[in-house]
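Enquirer: Chains as they are written, first to last, in my numbering: chain A, -10 to 148; chain B, -10 to 148; chain C, 70 to 150; chain D, 70 to 150.
The hints are simulated quantities; they were obtained by calculation from the structure and are not laboratory data.
It should be emphasised that the depicted structure is a prediction, and the values quoted were computed from it without experimental measurement.
Glycine included, each C-beta is placed from N, C-alpha and C at the ideal position.
No false leads were slipped in.
So, partial list: chain D residues that the calculated Cβ filter (under 8 Å) puts toward chain B:
| # | residue |
| --- | --- |
| 1 | PHE75 |
| 2 | ALA76 |
| 3 | GLU126 |
| 4 | GLY150 |
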Amino acid sequence: MAVRVQEADFDIAAEMAAMTAGRPGIGAVVSFTGLVRGEAGGEPISGMTLEHWPGVTERALAAIEAEARARWPLEDVLIIHRHGALAPGDRIVLVLTASAHRQAAFAAAEFLMDYLKTRAPFWKKESTPDGGRWVDAREADAAAAARWQDAPARGGAGQ
Amino acid sequence: MAVRVQEADFDIAAEMAAMTAGRPGIGAVVSFTGLVRGEAGGEPISGMTLEHWPGVTERALAAIEAEARARWPLEDVLIIHRHGALAPGDRIVLVLTASAHRQAAFAAAEFLMDYLKTRAPFWKKESTPDGGRWVDAREADAAAAARWQDAPARGGAGQ
Amino acid sequence: MKLVYFAWVRERIGTASEEVSTGARTVAELVEDLRRRSPGHALAFADISALRVAVDEEVSDFSAPIEGAREVAFFPPMTGG
Amino acid sequence: MKLVYFAWVRERIGTASEEVSTGARTVAELVEDLRRRSPGHALAFADISALRVAVDEEVSDFSAPIEGAREVAFFPPMTGG
Chain A
-10 MAVRVQEADF DIAAEMAAMT AGRPGIGAVV SFTGLVRGEA GGEPISGMTL
40 EHWPGVTERA LAAIEAEARA RWPLEDVLII HRHGALAPGD RIVLVLTASA
90 HRQAAFAAAE FLMDYLKTRA PFWKKESTPD GGRWVDAREA DAAAAARWQD
140 APARGGAGQ
Chain B
-10 MAVRVQEADF DIAAEMAAMT AGRPGIGAVV SFTGLVRGEA GGEPISGMTL
40 EHWPGVTERA LAAIEAEARA RWPLEDVLII HRHGALAPGD RIVLVLTASA
90 HRQAAFAAAE FLMDYLKTRA PFWKKESTPD GGRWVDAREA DAAAAARWQD
140 APARGGAGQ
Chain C
70 MKLVYFAWVR ERIGTASEEV STGARTVAEL VEDLRRRSPG HALAFADISA
120 LRVAVDEEVS DFSAPIEGAR EVAFFPPMTG G
Chain D
70 MKLVYFAWVR ERIGTASEEV STGARTVAEL VEDLRRRSPG HALAFADISA
120 LRVAVDEEVS DFSAPIEGAR EVAFFPPMTG G
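Bound-form chain A, shown alone (with noise of 0.2 Å):
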């Protein structure tokens, strides 16, 4: 169980390294990071505020990373969730995963993102010429987390 929540940026390369370090059985990781964009729906974003729910934060992470590793063959599994005042540029969120053969490394990354964009407490605040506007949950982020319902685990086949 590797999943943070914090306010200091990450690196991904400490990151991935520490991960793989010894792990003879791991031949493929997979890494999301998410970037705070410069403009959203054509106006320009100047900066990004994340609220989130102190411990239930962590727990309903912790549920996520256990469904994915419940569902395929990882060797490792790391989330790291930041929150606080962003700027452009800077990373919001960091999956790793770790499997011997990509299958599954990039469906479980895949899963991972699709369930924080839904299942995990955040709230984001976009700052705009306009003022401050709060981000709405997207339609799409939903259908994306619902197609996980009835997909059954995709094997290992592959590096």
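Place chains B, C and D on chain A using the hints.
Expert: Relative to chain A, chains B, C and D alone:
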């Protein structure tokens, strides 16, 4: 176009920082890192040698990258593939995909890996206690590559 | 009972948490009570289809019973990742 | 015509490339010629279903014509990534 075939190792954090610097449209970066595993089929592996076809390999990777860019709205793509002698735990390949939203970045990274497995002129020889052994192409990899041939590109909803 | 608010619910009500005494038996009845507390509460709870609720830190729905609950949280749909 | 070999094809034949003169009109006819060149060649080309071929650096099949080709490459299926 960013395709590199090299003996040297690579630094994923440096490559990702170079890719995303000054690109406010990037909201999602997916990486795939392939590592030399320490065992295969239950047997220990003491190393791997990657043979390639200089010149032709680079053109094959560039063609694979161009196909990914034609299929998905990507802000940037990087493929680094090593050749020569590698030890267990060493990095073999890096694929980075950057997009406004996560779906395109994930789909393109999976596509690139499936095509790299079957359409880039590399050949792997593993060192085992019984001597060297050329790695056979996998039926599962051919099937994974084939699934893209009639799959429509997925869109760019979500992060 | 402790009430906890996040994001624009917190902003509209003007506080991140408050203690209330209520005779409400369900979340929906609690919302009816809360709407009368202040104009900010009325605005926050104007459209409950835009809200989500958690009872004792478990996501629930508005018909859920709250008898014996220590804490009820209200917030917009989550937008992590 | 230049012939180029990779992986176990190269190892069985014992060289990474060689020049040959051939009257073969297709890859398949070239393979028939090559099988007679040495025991190593015979071993390398024993089962062409295990082999892939490229004519002038383009992946082709064994029925492809080779008239005018500068280079033919033989190798096992690729295993990149």
